[in-house]
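Residue numbers (the working numbering), protein chains in the order written: chain A, -2 to 77; chain X, 806 to 1048.
These are calculated hints, taken from the structure and not from any lab test. The structure displayed is predicted, hence computed values, not measured ones. Among the clues, some could well be false.
Calculated Cβ distances over 12 Å to all of chain A for the following chain X residues [to be verified]:
1. Leu851
2. Arg920
3. Pro927
4. Arg968
5. Leu1040
Derived coverage of chain A by chain X (criterion: at least 3 residues anywhere in the stretch with Cβ under 8 Å from a Cβ of chain X; other residues may be distant) [to be verified]:
6. 38 to 44
7. 50 to 59
The C-beta atom is built at its ideal place from N, Cα and C for all residues, glycine as well.
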Amino acid sequence: MTEQEIFDSVQEIFRTVFDDTDIVLTREMTSADIEDWDSLEQINLLVAIEKRFNIKFQLQDVKDLPDVGAMLDLVKRMVA
Amino acid sequence: MPYTYLITGATSDVGAALIRRVFQPGDTVIAQGAGDLARLDELVPLCGDALHRYNVDLTSETALEAFLQEVQVNFGCPTHIIHLPALRVINTKFRNFDEQRFLLDFNVQVVSALRICKTFLPGMMKAKFGRVLFMLTDYIIGVPPKNTTAYIVAKNALRGLARSLATEAAPSGVTVNSVAPYMMETKFLSDTPDLVVQASAAANPMGRNARVSDVVPAMAFLLSDEAGFISGAELPVNGGARY
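Excised from the complex, chain A in its bound form (with noise of 0.2 Å):
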């Protein structure tokens, strides 16, 4: 899998828990650039990528992610 279809995936999951089809995800993006975007709908986020991707995050590693890059690292990461 691509870094771009990785990318692709991970902001229509975006699109669709924040229920808006105008989001364009850049990997600087933080939960500040989303109004909705809380402790719950993080995980709620890493819980649609787990099922997208087929993997299984553990809490510790996903608790302190700081921004929208270094979540699509970690997904590179475990897909690879």
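Assemble the complex: chain A is given as a structure, and chain X must be docked to it using the hints.
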């Protein structure tokens, strides 16, 4: 004095553990499950013939009525009613609220409790003794979590029923109480992603989710003879998460 326990949702992890905890020789246990009665096989060595298992789909009014009639004919009025059943919690935004599923859950949790109490509470009150216990959730304390509207509405309806019945039954010595546990690690969570379960444990002041062994003793206490002056209580079993 031998007791007659009517337990709905008895095939849950909590139901089976509660029977194990409270059963005494001479007691009668009427245990309702829905398609999973084999779960109670483990109790046969303990309870023997005193365990009566009923397969009843609580979403069906006809099935519930037939069940209650049969209980009444065979056992008369129970001394203890424990109502545990609920459909699995679905985390979803309100815009995706599934009304049909909500109504099914409402039947299982609330309407069945209403019917059971309507059938047996008058008998309990006449007997001047009885214990009624409902399974709530600590989500009812304070601000509820997001995305759980269906569950919150049903549990608060059940809570309203418990409170109303507690008031009405108190003069006769019948108590109506509830337990309000934190997320409990049981097979009820089978559809809940691990990450959600882990996050819930991490968010608890005691760093873990509730266990059956935390909740069952609290229930046993509220059902006991010595809890006779406690009614209308909603006992949190949640590691101090909300109060």
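Hints versus structure:
1. Leu851: 38 Å, holds
2. Arg920: Label holds. Min Cβ-Cβ 35 Å, cutoff 12 Å.
3. Pro927: With a cut-off of 12 Å, proline 927 of chain X remains clear of chain A, as the shortest Cβ separation is near 44 Å.
4. Arg968: 29 Å, holds
5. Leu1040: 26 Å, holds
6. 38 to 44: holds (count 4)
7. 50 to 59: holds (count 5)
Hint compliance for this structure: no hint is broken.
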